[in-house]
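Working from the sequences, and respecting the hints, build out all of it.
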Amino acid sequence: MLRSPTTWFLVGQRLGIAFITLIIVSFAVFFATELLPGDVAQILLGQAATPEAVAGLREAMGLDEPAIQRFIGWLTGLAQGEMGRSYVNNIDVADLLGGRLQNSLRLAGIVTVICVPVALSLGILAAMFRGSWMDRVVSTATISVISVPEFMVATLSVLIFAVWLDWLPALSYGVDVDSLGAMLRAYAMPVITLSFVVSAQMIRMTRAAVIETIETPYVEMALLKGASRTRMVLVHALPNALGPIANAVALSLSYLVGGVIIVETVFNYPGVAKLMVDAVATRDLPLIQSCAMIFCVSYLSLTTLADMIAILSNPRLRQ
Amino acid sequence: MTMTPRTKSKFRLPTPHNLGYAFNWTGRIGLALILFWALVALFGRWVTPYPVGAIVDWDYFGGISTEYWMGTDYLGRDIFSRVLMGARYTVGIALAAVTLACTIGVVLGMIAAVIGGWFDTLLSRLLDAFNGIPSLLFGLVVVAAVGSSIPVLVLTLAAIYMPGAYRFARALAVNINTMDFVTVARARGEATPYLIRHEILPNILGPVLADLGLRFVFIVLVLSGLSFLGLGVQPPNADWGALVRENIEGLSLGAPAVIFPSIAIASLTISVNMFIDNLPTKIRDRAE
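Sequences listed follow chains V and H, in order.
Each residue of the first sequence is one higher than the last, beginning at 30 in this note's numbering.
Each residue of the second sequence is one higher than the last, beginning at 405 in this note's numbering.
Source of the hints: derived by calculation from the structure; they are not laboratory data.
Yeah, the Cβ is synthetic: ideal placement off N, Cα and C, and Gly gets one too.
Careful: at least some of the hints might be erroneous.
Stretches of chain H that chain V covers, calculated by requiring three or more beta carbons in the stretch to come under 8 Å of a beta carbon on chain V [stated by the list, open to error]:
(1) 528–541
(2) 667–673
For each label pair, taking beta carbons as the anchor points, the in silico distance ranges come out as [stated by the list, open to error]:
(3) V:79 with H:440: 53 to 63 Å
(4) H:657 with V:60: 41 to 51 Å
(5) H:442 with V:60: 32 to 42 Å
(6) H:473 with V:135: 17 to 27 Å
A short, non-exhaustive set of chain H residues, derived as facing chain V with CB atoms under 8 Å [claimed, not checked]:
(7) 521
(8) 629
(9) 645
(10) 662
And the structure:
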């Protein structure tokens with residue numbers, strides 16, 4: 030792979046755009062949560078609070094400062110790992126998040142390890158034998174999974190694995206896992222559901238990427254020269270499709286972010302998403318902001334990674 | 405492009421089929437299902453067998469019977485009536501949001517493509533940044549901030565999907581904008597509104613409508629997701645996502661109360677996908 034100065038310039042430019050996007054996103058998250066609900070102090074103290082008490086709390090929380098000043102303060106705090114305190118139980122947000130983040134990352138990690146090999150082989154096989162019954166089954170299945178909401182995939186897997194087959198518990202506890210068997214059982218349902226959602230996207234994108242390469246003239250040439258179908262795909266097409274495939278993998282992993290919100294709620298899995306949904310119910314703004322930023326940062330890193338892989342692997346994008 | 409073939413040897417009537425506007429059967433089934441749900445959303449409230457909020461059965465999670473076609477829910481309310489009424493919320497909110505998102509997005513996209521320059525760059529960068537927020541998360545944050553009501557849901561969902569519509573329309577319009585007939589119109593001295601309405605829009609309309617259909621599916625999915633989390637349509641009203649949430653306890657009993665709303669969502673989204681995927685290429689890819 031040639032790495033000319035232009036390539037690094039493009040990669041740097043992409044990183045710069047990601048950084049600016051992050052600033053705009055944090056701006057949006059901050060103002061959506063801070064400015065719109067009216068008076069946080071009033072909400073905290075409830076309807077019965079005296080105006081003096083509300084004013085006192087406002088001053089104590091720094092709410093009477095200009096919004097832009099609070100935004101900059103909040104952003105610099107975030108950059109230093111200072112996320113503020115939860116309104117509801119007055120615990121440091123960082124402490125609340127620590128273990129939860131680990132749980133969520135573990136879930137995402139397991140799903141990634143399972144999904145990537147399965148989805149890649151299915152996607153490449155479907156592209157190789159395009160139009161065959163295997164391709165049709167895979168394509169129909171992926172389209173069905175993509176066009177229904179994530180919670181339906183979740184409820185369906187509960188129905189099948191927990192109710193009808195009675196193999197697994199319907200809820201995940203995640204905390205008290207002592208043996209390997211218990212751990213497997215606790216993680217099985219969320220992992221199965223998320224894997225379905227993520228690999229459906231991944232298979233679809235991989236298949237499209239490989240088909241696009243197969244349709245190029247040089248691959249057709251290989252076939253005309255007498256290469257077998259397998260050789261044509263594996264030797265001639267695949268090396269050139271690696272970039273688009275890696276791009277597809279990174280992009281579909283970003284679906285984890287949306288999927289994990291539903292899946293953690295359905296299975297009561299103690300991760301960041303569950304924390305955030307609970308925080309939304311109690312309107313715990315500092316907690317919501319921090320969770321939202323975690324999701325936005327992971328989503329942005331994955332999409333940026335996808336773009337950078339595309340730039341690095343495709344010389345035509347460098348011009 | 406839409407002319408009949410010039411070959412005189414064989415006379416062909418200008419029927420939709422011969423003009424290349426024919427639907428295949430998958431597309432027709434999709435269209436039929438979409439029309440069915442549209443009719444249910446419009447007129448469903450007058451054909452509900454029981455009042456939507458009324459508790460009609462003292463047993464909860466009742467099964468399918470001649471009295472209750474889709475069983476009863478966790479309070480003993482008739483699910484068939486509630487699904488009919490839920491269509492109104494799911495289809496209505498999604499349709500309003502997608503119309504809003506696509507109208508704003510497409511108009512802005514065409515303006516950006518025709519004007520170009522810093523306006524285009526600035527708008528594109530800004531809207532790309534909004535694409536950096538995962539959709540369900542954006543919905544969560546807004547609902548956390550302002551609370552959930554139907555206007556808030558419509559506006560939020562429209563805001564989530566507007567940047568995508570903008571990007572799509574802009575990419576198409578940029579291509580059209582370089583074509584000769586647009587250059588000629590510009591040389592004639594036509595103003596930007598004329599160019600957008602008479603030169604660009606008619607030529608991107610087909611793909612834009614196909615994109616609207618796909619966006620509709622995404623909006624239905626996010627709306628159901630929000631309602632499922634309890635942050636969408638609020639009780640006592642319920643869209644299909646909320647119906648699934650209300651009756652999720654019945655899942656372990658295999659209650660029809662949780663299965664039928666799920667089927668309703670799936671049938672709507674899958675049929676729209678089927679319809680859009682099988683649109684005649686003349687409509688879908690006219691700009692290419």
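Hint-by-hint comparison with the structure:
Coverage of the segment 528–541 of chain H by chain V holds in this model, with 11 residues showing a Cβ closer than 8 Å to a Cβ of that chain against a need of three. By the rule of at least three residues with a Cβ nearer than 8 Å to a Cβ of chain V, the coverage given for the segment 667–673 of chain H holds, with 3 such residues. Look at residue 79 of chain V against residue 440 of chain H: about 58 Å separates their beta carbons, and that is inside 53 to 63 Å. For residue 657 of chain H and residue 60 of chain V, the hinted distance range of 41 to 51 Å is satisfied, since their beta carbons lie about 45 Å from each other.
A beta carbon spacing of about 37 Å between residue 442 of chain H and residue 60 of chain V agrees with the range 32 to 42 Å that was offered as a hint. Distance hint check: the CB atoms of residue 473 of chain H and residue 135 of chain V are about 44 Å apart, inconsistent with the given range 17 to 27 Å. Taking 8 Å as the C-beta cut-off, the interface hint given for residue 521 of chain H is violated, the closest approach to chain V being about 19 Å. A least Cβ separation of about 5 Å between residue 629 of chain H and chain V falls short of the 8 Å threshold, and the interface hint therefore holds.
About 7 Å separates the beta-carbon of residue 645 of chain H from the nearest beta-carbon of chain V, less than 8 Å, and the hint is met. Because the beta carbon of residue 662 of chain H sits about 7 Å from the nearest beta carbon in chain V, less than 8 Å, this interface hint is met.
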